[in-house]
Amino acid sequence: MQREEEAEMSDLEDTILKDKLTCSSEVKEKTTTSNSLSPEFTEILKDLTVQDEEVESTRHTLAQTKELEGIVASLKDEVETLCTQKRRLEEQVEGMSNEAKRRQGQILRLEARILELQAKSKGNESIQISEDNEDPYSSTISDHVAQTNNLQLEVNTSEERLSSEASQVKGLMEQVKSMQKQLVSVNDQKAELEKELVKKEAEASECLVQIENLKNELKNRVLIEQGRMQEKESLKVQVKDLDQEVYQLSSTNSDLEEMLKKINLDADQSKVEKEELQRKISELQTSLSSTENKLSACQSELSTQIEPLREKLRKHEKMLETKRNDRKRLHAELERCQKELEREKQEASLNKSQMEKKNNELTSKIADQQKMLLELGEEMDKLKAENEAAQMRITDSKSNFLLVERKMEEIAEEFRKQYEDKFRILSRRIRVAEQLQAENKEWYMRTKDTFEQENKERAGEKEVGQGSIKDISIIANHTLVSLDSVALRFEECTANFLNRISKSSCELKFAKDWVMRKNKALVHVKDDMDCLLHQLDYKEAEILIFREKVWKSENKIRELEKMIKEKEEGMLGLQEEKREAIRQLCVWIDYHRSRSDSYKKMLSEVNRGRRKAA
29 MQREEEAEMS
39 DLEDTILKDK
49 LTCSSEVKEK
59 TTTSNSLSPE
69 FTEILKDLTV
79 QDEEVESTRH
89 TLAQTKELEG
99 IVASLKDEVE
109 TLCTQKRRLE
119 EQVEGMSNEA
129 KRRQGQILRL
139 EARILELQAK
149 SKGNESIQIS
159 EDNEDPYSST
169 ISDHVAQTNN
179 LQLEVNTSEE
189 RLSSEASQVK
199 GLMEQVKSMQ
209 KQLVSVNDQK
219 AELEKELVKK
229 EAEASECLVQ
239 IENLKNELKN
249 RVLIEQGRMQ
259 EKESLKVQVK
269 DLDQEVYQLS
279 STNSDLEEML
289 KKINLDADQS
299 KVEKEELQRK
309 ISELQTSLSS
319 TENKLSACQS
329 ELSTQIEPLR
339 EKLRKHEKML
349 ETKRNDRKRL
359 HAELERCQKE
369 LEREKQEASL
379 NKSQMEKKNN
389 ELTSKIADQQ
399 KMLLELGEEM
409 DKLKAENEAA
419 QMRITDSKSN
429 FLLVERKMEE
439 IAEEFRKQYE
449 DKFRILSRRI
459 RVAEQLQAEN
469 KEWYMRTKDT
479 FEQENKERAG
489 EKEVGQGSIK
499 DISIIANHTL
509 VSLDSVALRF
519 EECTANFLNR
529 ISKSSCELKF
539 AKDWVMRKNK
549 ALVHVKDDMD
559 CLLHQLDYKE
569 AEILIFREKV
579 WKSENKIREL
589 EKMIKEKEEG
599 MLGLQEEKRE
609 AIRQLCVWID
619 YHRSRSDSYK
629 KMLSEVNRGR
639 RKAA
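Going by our numbering, the sequence shown opens with residue 29, and the numbers climb by one from there.
Check the hints yourself; a few may be wrong.
[Claimed, not checked] Pairs of lysine-lysine, DSSO-like flavour, derived with a Cα cap of 30 angstroms:
#, residue 1, residue 2
1, Lys-567, Lys-554
2, Lys-577, Lys-223
3, Lys-567, Lys-590
4, Lys-606, Lys-593
5, Lys-567, Lys-209
6, Lys-593, Lys-223
7, Lys-554, Lys-476
8, Lys-223, Lys-209
9, Lys-577, Lys-590
10, Lys-554, Lys-223
11, Lys-484, Lys-209
12, Lys-593, Lys-476
13, Lys-577, Lys-209
14, Lys-476, Lys-590
[As the list claims (entries may be wrong)] Okay, the calculated beta carbon distance ranges per label pair:
#, residue 1, residue 2, range
15, Glu-119, Asp-477, 18 to 26 angstroms
16, Lys-640, Asn-248, 37 to 45 angstroms
17, Lys-209, Asn-547, 33 to 41 angstroms
18, Lys-484, Asn-547, 38 to 46 angstroms
19, Arg-639, Glu-605, 47 to 55 angstroms
Worth flagging that the hints you see were computed from the coordinates, not collected in a lab. Where is the CB? At the ideal position from N, CA and C, for every residue including glycine.
Using the sequences provided together with the hints, build the complete structure.
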């Protein structure tokens, strides 16, 4: 279950990393398409490439952790197999010890029976020595001697068998002792291996805890990167807003230019109106001067006409009245003209004051408009400079965009080549790992077959030993039965005194034969000893083989411990690399936060400029 959960977690991590890679590639494409206006986005692209490299390094570390978990599982399996082998050896040693105890009991019984028979044979020898001179019973004595010889042969054979069994029992006891020593050493090794197993399990649990912590850190990083993606999207939106603001500023610039044109036209119209008013004032002044000249001319004419008129008053009273009437009418007309002149003067003065006010207002307006024109000119210059800078940036961004496109194409080709190379390397590694796995499987099958064959051979040897022990027990039972029958016969024969004498004589002969046979038996015993020595050499060779196997297993365990230590050092190195990656990510986060703060400051400055312009 734990392995399945770990496999599911590793699959989830792979999917998360793939999503991060796809997101980073999409972000790269978006940043290359939308943010091609400034060279700062090239730095963002570099940061994204660094992030991709960090993601690849994290994937590599996860693969290494998976490999380490597989190695730990294989080591656990090997330790379990060694424990099973140890249990089997303990069971074999217990069986051998039980068999040795049973054989020791049989040997003790046989030795007691032999001692009884030897005591009986000594009693018979004393009886035979006391009655050597009795010859008439020689025939019966010869018969009894033959019987005793046969019994002695059976006893010798039984003794030889007992001696061989005793030697076998001694060898078995020695084997049992050696096996017990091996058992003690194996128990010590088992205890050490169990301690190491506990340590390795604790270390594996720590590694699993660290892996879970790293998984949580990866999840946190994914969340942080999602937040960064959102920040980048918000920055993109802000950049779009800035573009819109630039477009609005350009539109407001065009509107201001149109307003300036309108203001210039209004100023021209006001200048034309002012000129027309001045022309009207000059015309009115000329008309006033002409009317005054006319009045002075009329007065001079009237003064010149008064004297002849006085002379002609009398003659022309009627004419005077008419003239008076005309004069009155002219005077009324003069008054009317004067009133009109006064009214026109007043109107002219009013018009002058109004024109002066209008002139003052127009001059103030013109001054304000000139100031506005100057400010607008300055803003126009600034906007022109900004437009020129923007156009230069646009041209630079276009060139940079082309360069970025080329660089992106080159980077994509390099990334594709690197990905292909990495894919090839990974495929090679996978093939090598599969080959190693196949070789390990073959080696495991071979070792399993050899171990099964050895177990079968040992089982066969055990069955053979059990059969030999059964045969020996059967022979011992037969010898005991024969000895019982011999004892019964001996008791029947010793019922009579003569039988005792014959038996004693036979026993003397049997003693002689027994000495001869004893010597022969000693030779056979020496031969049996040589055989037993050969068997001991064979057993010692087997023990050496077992020791070599134990040494090999110990060397394997040491190598596995070295491998585990190396893997632990690799895990520590990976942990340090992960810490460095986390530190670099923190630095990267701080860098992007500073960048976002700078972008916010730029946006605030742009908004202030817009407000001032508004």
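Legend entry - Proposed proximity, Lys-223 with Lys-554 (alpha carbon, max 30 angstroms): 50 angstroms, violated
Inset, instruction - Evaluate the given range 18 to 26 angstroms for the C-beta pair formed by Glu-119 and Asp-477. - result: This hint holds: roughly 22 angstroms between Cβ atoms.
Inset, instruction - Would you check the hint for Lys-484 and Lys-209, treating anything up to 30 angstroms between C-alpha atoms as holding? - result: 24 angstroms, holds
Legend entry - Pair hint Lys-476 and Lys-590, alpha-carbon separation not exceeding 30 angstroms: 24 angstroms, holds
Inset, instruction - Take a quick look at whether Lys-554 and Lys-476 sit within 30 angstroms of each other, Cα to Cα. - result: The hint is violated at about 42 angstroms.
Inset, instruction - Return holds or violated for the Cβ distance of Arg-639 and Glu-605 against the range 47 to 55 angstroms. - result: 50 angstroms, holds
Inset, instruction - Verify the proposed pairing of Lys-567 with Lys-590, using a straight-line Cα cut of 30 angstroms. - result: Not satisfied, since the Cα-Cα distance of roughly 34 angstroms exceeds 30 angstroms.
Legend entry - Proposed proximity, Lys-209 with Lys-223 (alpha carbon, max 30 angstroms): This hinted pair holds, its Cα atoms lying about 21 angstroms apart.
Inset, instruction - Return holds or violated for the Cβ distance of Lys-640 and Asn-248 against the range 37 to 45 angstroms. - result: 43 angstroms, holds
Legend entry - Given pair status - Lys-209, Lys-577, alpha carbons within 30 angstroms: 16 angstroms, holds
Inset, instruction - For the pair supplied as a hint, Lys-577 and Lys-223, confirm whether the alpha-carbon distance does not exceed 30 angstroms. - result: 22 angstroms, holds
Inset, instruction - Given the hint of 33 to 41 angstroms, check if Lys-209 and Asn-547 actually sit that far apart at their C-beta atoms. - result: This hint holds: roughly 39 angstroms between Cβ atoms.
When the structure is compared with the earlier hints, violations turn up for hints 3, 7 and 10 and for no others.
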